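Trainee: Chains A and B are the protein sequences, given in the same order. The opening residue of the first sequence carries number 12 in the working numbering; numbering runs sequentially from there. The opening residue of the second sequence carries number 249 in the working numbering; numbering runs sequentially from there.
Each hint should be verified, as a subset may be incorrect.
Within a straight-line C-alpha distance of at most 25 Å, the following computed DMTMM-like cross-link-like pairs (lysine to aspartate or glutamate) qualify [claimed, not checked]: (1) K60(A) - D300(B); (2) K489(B) - E103(A); (3) K268(A) - D300(B); (4) K60(A) - E460(B); (5) K348(A) - E487(B).
Quick caveat, the hints were computed from the structure, so don't treat them as lab data. Here the structure is a predicted model, which means the values were calculated and not measured.
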Amino acid sequence: MQEIKNYTMNFGPQHPAAHGVLRLVLELDGETVMRVDPHIGLLHRATEKLAESKPFNHSIGYMDRLDYVSMMCNEHAYVRAIENLLGVEVPERAQWIRTLFDEITRILNHLMWLGSNGLDLGAMAVFLYAFRDREELMDCYEAVSGARMHAAYYRPGGVYRDLPDVMPRYAESKWHKGQDLERLNEWRNGSMLDFLDAFTDDFPRRVDEYETLLTDNRIWKQRTVDIGIVSPEQALQWGMSGPMLRASGIEWDLRKKQPYARYAEVDFDIPVGSRGDCYDRYLVRVEEMRQSNRIIKQCVRWLRANPGPVITRNFKVAPPSRVEMKRDMEALIHHFKLFTEGYMVPAGETYAAVEAPKGEFAVYLVSDGANKPFRMHCRAPSFAHLSSMDTIVRGHMLPDVVAMIGTYDVVFGEVDR
Amino acid sequence: MTATDPVPHSALAQLLQARLGARCARIDEARGQTTIEVLPENWFNVAMTLRDDPQLQFEQLMDLCGVDYLSWGEVEWQGDEASWQGFSRGVEGAGPGRFSWAGRPRPAHVPHRFAVVAHLLSIRHNQRLRVRAYCADDELPSLASLVPVWPGVNWFEREAFDLFGIVFEGHPDLRRILTDYGFVGHPFRKDFPLIGNVEVRYDADKKRVVYEPVASVQPRVTVPRTIRDDSRYEQAQAEAKARDGK
Chain A
12 MQEIKNYTMN FGPQHPAAHG VLRLVLELDG ETVMRVDPHI GLLHRATEKL
62 AESKPFNHSI GYMDRLDYVS MMCNEHAYVR AIENLLGVEV PERAQWIRTL
112 FDEITRILNH LMWLGSNGLD LGAMAVFLYA FRDREELMDC YEAVSGARMH
162 AAYYRPGGVY RDLPDVMPRY AESKWHKGQD LERLNEWRNG SMLDFLDAFT
212 DDFPRRVDEY ETLLTDNRIW KQRTVDIGIV SPEQALQWGM SGPMLRASGI
262 EWDLRKKQPY ARYAEVDFDI PVGSRGDCYD RYLVRVEEMR QSNRIIKQCV
312 RWLRANPGPV ITRNFKVAPP SRVEMKRDME ALIHHFKLFT EGYMVPAGET
362 YAAVEAPKGE FAVYLVSDGA NKPFRMHCRA PSFAHLSSMD TIVRGHMLPD
412 VVAMIGTYDV VFGEVDR
Chain B
249 MTATDPVPHS ALAQLLQARL GARCARIDEA RGQTTIEVLP ENWFNVAMTL
299 RDDPQLQFEQ LMDLCGVDYL SWGEVEWQGD EASWQGFSRG VEGAGPGRFS
349 WAGRPRPAHV PHRFAVVAHL LSIRHNQRLR VRAYCADDEL PSLASLVPVW
399 PGVNWFEREA FDLFGIVFEG HPDLRRILTD YGFVGHPFRK DFPLIGNVEV
449 RYDADKKRVV YEPVASVQPR VTVPRTIRDD SRYEQAQAEA KARDGK
């Protein structure tokens, strides 16, 4: 009799469906997965160790590069940790701006997820549409911070600067001219808030478009319904958070349960799934985009009506304005001391968590009273989610592994740190 | 609880004291976050109680990481006197992340060097808790694995093992996770140099990648001066106190 053995297959790290640098060692019986061993760390940059040798503010830029699809949410966790230890008050307007940009980031992340997960499972068109919309939100990133992705916009005590009065417009070029240029600049005649107003009015229609493409799509449902079911018990055991937890039927959202910034004052709902399969996670994320859109609208309304300072006047933590520096000796000294030495954070430890698009992103910060962190640890949602891979995927077919990697929404910047 | 510790007043702290009793060595409630310290031998059974007690019910372990308390509160180099050398003085000094393996300092004033910190979340009661245990042995730090309590801790413990060399007894699969295949050392220990020990390059003669001692970069400090006690802050605190008092 012929002997039949399982065989081992290598998947990644250079595989388009591996979402970066994931390497899986799969043990297969035919096409059925018997065991998965994810090998991570190919993108390990020792961010946490680097932060230990730098003044606190220098590491804000590293935060963008952890989960490089939800940049400002990572910054938010980090600056909240510092603010918590320092006891710095954040001006109300800055908190609203943070709420606004956290939600812009959520839409950015979910669009990226929708597009790439669609691409993994054979839906090419969604990817192109999703990137069209991402472009507009990235323009908002660029308008406030000057960078499309790695913004370093949140600072301890507030945000770097106020929202711009003018939304940057496309210039005429070989590629953008005539009617095309007019269409691109149609929303860009006023401020950034006007632009966001126009965007939020239009965005639900676009989400409907995505849903037309996918929600009742036979192939999409075949690939996602009843695939990778995560029971509520499993979701808790494996430390899942965010959409992974909610799709399994557990109503938990830090924005509601432990509100930070101005989430207590905005009106939104938490979508919850019932089966905990890939399809439910898709539905939850799509609904989250609609809810984020609602929150953005409310933030825009508040920000229009209430001008004010966007960063603390505590010059030990945030620099004084250039104008003040030129007039006032003390402001100049503060500026010099801040940029040469940074600020000292009182000894202690804190754990600051935010509801990042992928789940609970948190920074555990330990200070020994110096002007640099003693220990900084980032709790990355993707890391916890990916660790459950073996349990969830066992017994599925090989193509379902791809569906599962997609639905975990892993980004290796934060898994490997 | 020792006599010097403040009396815990929050409901959670009182509950923890009632449930854990002597197993809880210390409770701290700074900045609205509750921290308990347990002895390493109680690590596992405290975790079981925290998960299963109906009034505590910490169903989720959100985070677990190692901390190396070597060089806590030490300055990298003293910058009190002016010098023509400027920042390059910092290169010579023995500071965390920059000293050589042979010349690494020994922890003198820290009772235990390594600690493991876990962050728990109770969804039922909407509560968070930080649990810390210091590993008894500095040379071979070890602690019981929590995988039977929360399976999700698996990778977090592998990470702490990889980066700090903390051994988790009873872990089903304690391998390195973030560092390279065949990596030597535990890079997040304070006595591991920031620039690393080996660097990698492609050797055209051997036609393969080779590892060599680091030569292409110099150890540098990016913090110009480590400062702790500064009169500016004391003054600001005094002013704030005076304002609050009015």
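Trainee: All hints, please: hold or fail.
Mentor: A quick look at each hint next to the structure:
no.	hint	verdict
1	K60(A) - D300(B)	violated, 35 Å
2	K489(B) - E103(A)	holds, 23 Å
3	K268(A) - D300(B)	holds, 22 Å
4	K60(A) - E460(B)	holds, 22 Å
5	K348(A) - E487(B)	holds, 19 Å
Hint violations for this structure: number 1 only, all remaining hints satisfied.
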